[in-house]
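K.L.:
Spelled out, the chains give:
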Amino acid sequence: MELQQEVEQFLYRQSELLDTKQWQAWIDLFADDGVYWMPADPAHEHWDGVPSIFAEDKNLMAVRMKRVLHPDAWSQRPLWGTNHVVSNTIIESYDSSEVIVRSRFHMMELRRDDVRHFAGAYRHHLRKTAEGYRIKLQRVDMTNAQAAYDYVLQVWV
Amino acid sequence: MLQERVPDLSRRLSEFVEPDRVRREVYTDPAIFELEMQRIHERVWIYCGHESQVPKTGDYYAVQIGRQPMVMVRGAHGKVNVLYNRCPHRGNLMVGDRYGSSGEFFRCSYHAWTFHHDGRLRSIPMMESGYAGTPYGKDHPDCSMKRAARVENYRGFVFASLSPEGPSLKDFLGEARVAFDDMCDRAPQGEVEVVPNCFRVIQKSNWKIFLENQLDALHPSVTHQSTGRAAHEVEKEIEKKTGHAPLSYHMLSAFATVTIDKWDNFQTLNYPHGHCILTGYMGLRPKDPDTLAYEKTLIDAYGQKRMEEILGVNIHHVLIYPGLSVQSPLQQLRAVRPLGVDRTLTEIWHFRLKGAPEAIYRRSLAYYNLVNSPATLVNADDLENFWKCHQGLSSEGGDWVSFARHFGRDIQNGERVETAANCGTSEAPMRNQMKAWARYMAAQ
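For the protein sequence lines, the chains are A and B, in the order given.
Using my numbering, the letters of the first sequence correspond one by one to residues 51 to 207.
Using my numbering, the letters of the second sequence correspond one by one to residues 2 to 445.
Honestly, the hints are just simulated from the structure, not real lab data.
Fair warning: there could be bad hints in the mix.
[What the hints assert, rightly or not] Calculated pairs, SDA-like style, for lysine to any residue (alpha carbon to alpha carbon, straight line, at most 20 Å):
(1) 389(B) to 164(A)
(2) 116(A) to 372(B)
(3) 237(B) to 107(A)
(4) 242(B) to 81(A)
(5) 205(B) to 108(A)
(6) 237(B) to 120(A)
(7) 108(A) to 241(B)
(8) 116(A) to 249(B)
(9) 205(B) to 166(A)
(10) 389(B) to 160(A)
(11) 108(A) to 252(B)
(12) 389(B) to 161(A)
(13) 116(A) to 240(B)
(14) 237(B) to 124(A)
(15) 116(A) to 79(A)
(16) 389(B) to 126(A)
(17) 389(B) to 163(A)
(18) 108(A) to 237(B)
(19) 389(B) to 79(A)
Generate the whole structure from the sequences, applying the supplied hints.
P.N.:
Below, the structure is given as C-alpha cells:
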C-alpha cells in the first residue's frame with residue numbers, strides 16, 4: 051500500500067504541475083532519457099519511428115515550453131486553463147529500480163469561452179532515483195486521439 | 002434565401018472581387034458558401050486520396066467532396082472507384098465508418114441491397130418477386146450507387162470531379178503537377194506509399210483563409226517567431242553539447258533565422274485554376290552520411306545527372322486550388338474539406354519514398370509530428386490567426402480584404418504569373434486564387 055500511495059502522489063503532483071503551468075518543474079520529473087509519448091494509433095507499441103501526436107524527449111519539451119512562454123506565442127494570449135483528475139491507479143509491475151503504473155485521466159480545458167474534454171489512460175514507466183521517481187516513458191492513450199481535433203493541443207495532457 | 006440570392010449574386014460577382022481586394026462577405030456569407038460548394042468544389046477536380054490507402058479489393062475510404070459524402074473504393078481489376086456513399090433504395094449511407102473493408106461487395110445495413118465495387122446493383126432480397134411488374138432491377142439506373150462523374154489518378158493520387166464537363170485532371174493540374182512529380186521522383190522506385198495515419202484538425206474559419214495562408218511568405222516569421230526562437234535556442238544548446246542538432250530543429254528554427262526581409266527572396270509562380278508554387282530551398286540537402294546514402298540510391302536508380310535534377314527541384318509548397326496543399330520535398334499533404342462557412346477540416350497525410358533509406362523517411366516523419374500533428378508546435382498560431390481573421394471579417398469594421406502587396410509588379414509569362422525579383426512576399430497568390438474563384442463562381 052505504501053508503494054501505491056507513493057505512486058499516486060507522484061501522479062497527482064505531475065498533473066498539478068500541468069494545471070498550475072509549472073512547465074519546467076513538470077519537465078524535471080522526466081529522466082534525462084525520458085520520453086513523453088501520445089501515440090497516433092493505439093496499436094503502436096514503440097514511440098520511435100511512427101506517427102505520433104506527441105513524441106518528445108527533454109529537448110523537444112524545452113522547445114514547447116520556451117514557445118508557450120514566449121510573449122509572441124499568439125495562441126497563448128487568450129485565457130486558457132486546464133483541470134486534470136487522475137484515478138484508477140493500478141501498479142502493473144515493480145522491482146527495486148522501476149515501477150510500471152497505469153491510471154486514467156480526465157482533463158477539462160477552458161480556452162476563451164470554449165470548454166473541451168479529453169480523457170484516456172496513462173502508462174508511466176517510473177525509475178527510482180535518489181531524488182524520487184523519474185519518468186522513463188509516459189504513454190498517453192487519449193480516447194479522443196482518433197477523433198478530429200477542434201483546434202489543437204498546445205501543451206502536454 | 003439561397004434561391005433568391007443566386008441570380009443576384011452572379012450579376013454582382015464583379016463587385017465582390019477586384020484585382021487587388023475582395024469583399025469580406027466572400028468569407029462569411031453562408032449563401033456564398035453554398036454557391037461555392039456547387040460551383041467550385043462539386044465541379045472541379047478534388048483530391049480523394051492515395052491509391053495505397055485502399056490496397057486490397059473492397060478496401061474503402063469515406064471522403065467529403067463539397068457537401069457530398071463519397072466513398073473511394075478498390076474495385077475489380079485493381080481499379081479505384083469513387084461513388085456517392087448512398088444506397089439508391091432508401092438513401093442510407095452505404096458505409097458508416099471512415100475507412101475499412103467492404104469485403105467482396107457493398108451490403109446496405111438497412112435492407113441488404115448489395116452492390117459491386119463499381120456501384121452496379123448486385124442483388125436485392127427476393128428481387129424477382131419483390132419487383133415483378135416494375136421497371137426496377139439490375140438494369141435500371143436508379144438501382145445502382147451513383148458514381149462520381151469523373152475519376153482520374155495521377156501517379157497514385159486519386160481525384161474525382163462531380164461534373165461530367167471540364168478539363169482533364171492533367172490539364173487541370175497543369176504545371177502544379179510538379180507537386181506529385183517532385184514527391185514521386187524523389188523515390189528511387191518512382192512512387193510513394195501512404196503512411197496509414199491521418200491527422201484531422203478543424204479550423205474555425207473559412208476554407209479560403211487557410212489556402213491564402215499556405216503561400217503567404219510574409220507570415221512565417223511573424224506568426225511562428227515564438228517557435229522559431231525556442232527551437233533555435235535549444236538547437237544551439239544541443240550543438241554545444243554534441244556538435245550536431247537533428248535536422249528537425251533546423252526546420253523549426255528557420256522560422257526565426259529566416260527573418261521577414263529574407264522571405265522576399267522566395268518566388269511564387271501562379272497558374273490558371275488558382276494553383277500556385279512557392280519556390281524556396283528547404284535545407285534538405287546537407288552533406289551528412291544519410292543524405293549521401295540516399296543520393297547513392299537515386300544515382301543507382303536514375304544516374305548522376307537525373308539525381309541532380311530531382312534533388313535540385315526547388316519547391317517549398319504547392320497549392321492545388323481549391324483543396325490541397327502539398328509539401329513535396331517532405332512528402333506531406335493537407336486536404337481541405339469545408340464543413341461550413343466558418344468551419345474547415347484539414348486532413349493531413351505523409352508518405353514514404355519507396356526504396357529510400359529509413360533515415361530519409363524519419364525526416365518526413367519528424368516534420369509530420371512536429372508541424373502537422375494535433376499537438377503541432379507550428380500550426381497552433383496559424384489557427385489562432387485564422388479564427389481571429391474570420392471574427393474580424395464578420396464585423397462591419399471594414400468591407401474589404403486587401404491583397405495589394407506588390408500589386409502591379411507581377412510578371413505575366415504565358416499562362417503563368419510570376420512574382421518579380423525580391424517580391425517573394427507579394428500577395429500575388431491570393432490575387433490569383435480570387436481571380437480563379439470569381440471565374441468559377443460566374444459560370445452558371
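K.L.:
Could you run down the list of hints and mark each one as holding or not?
P.N.:
Structure-based check of all given hints:
1. 389(B) to 164(A): Within the cut-off at roughly 15 Å; holds.
2. 116(A) to 372(B): holds (16 Å)
3. 237(B) to 107(A): holds (16 Å)
4. 242(B) to 81(A): Holds: residue 242(B) and residue 81(A) sit about 18 Å apart, inside 20 Å.
5. 205(B) to 108(A): Violated, because 32 Å separates the two Cα atoms, which is more than 20 Å.
6. 237(B) to 120(A): Given pair residue 237(B), residue 120(A) holds - Cα atoms ~17 Å apart, limit 20 Å.
7. 108(A) to 241(B): Measuring from Cα to Cα gives roughly 16 Å; hence the hint holds.
8. 116(A) to 249(B): holds (16 Å)
9. 205(B) to 166(A): holds (15 Å)
10. 389(B) to 160(A): At roughly 18 Å apart (the allowed maximum being 20 Å), residue 160(A) and residue 389(B) satisfy the hint.
11. 108(A) to 252(B): This hinted pair holds, its Cα atoms lying about 18 Å apart.
12. 389(B) to 161(A): Distance ~14 Å between residue 389(B) and residue 161(A) Cα, so the pair holds.
13. 116(A) to 240(B): Since the Cα atoms of residue 116(A) and residue 240(B) sit roughly 18 Å apart, the hinted pair holds (cutoff 20 Å).
14. 237(B) to 124(A): Violated: residue 237(B) and residue 124(A) sit about 24 Å apart, past 20 Å.
15. 116(A) to 79(A): The given pair, whose Cα atoms are some 17 Å apart, holds under the 20 Å limit.
16. 389(B) to 126(A): Distance of about 13 Å is within 20 Å: holds.
17. 389(B) to 163(A): At roughly 14 Å apart (the allowed maximum being 20 Å), residue 163(A) and residue 389(B) satisfy the hint.
18. 108(A) to 237(B): Roughly 15 Å between the alpha carbons, so the hint for residue 108(A) and residue 237(B) holds.
19. 389(B) to 79(A): violated (36 Å)
Checked against the numbered hints above, the structure violates hints 5, 14, 19; every other hint is satisfied.
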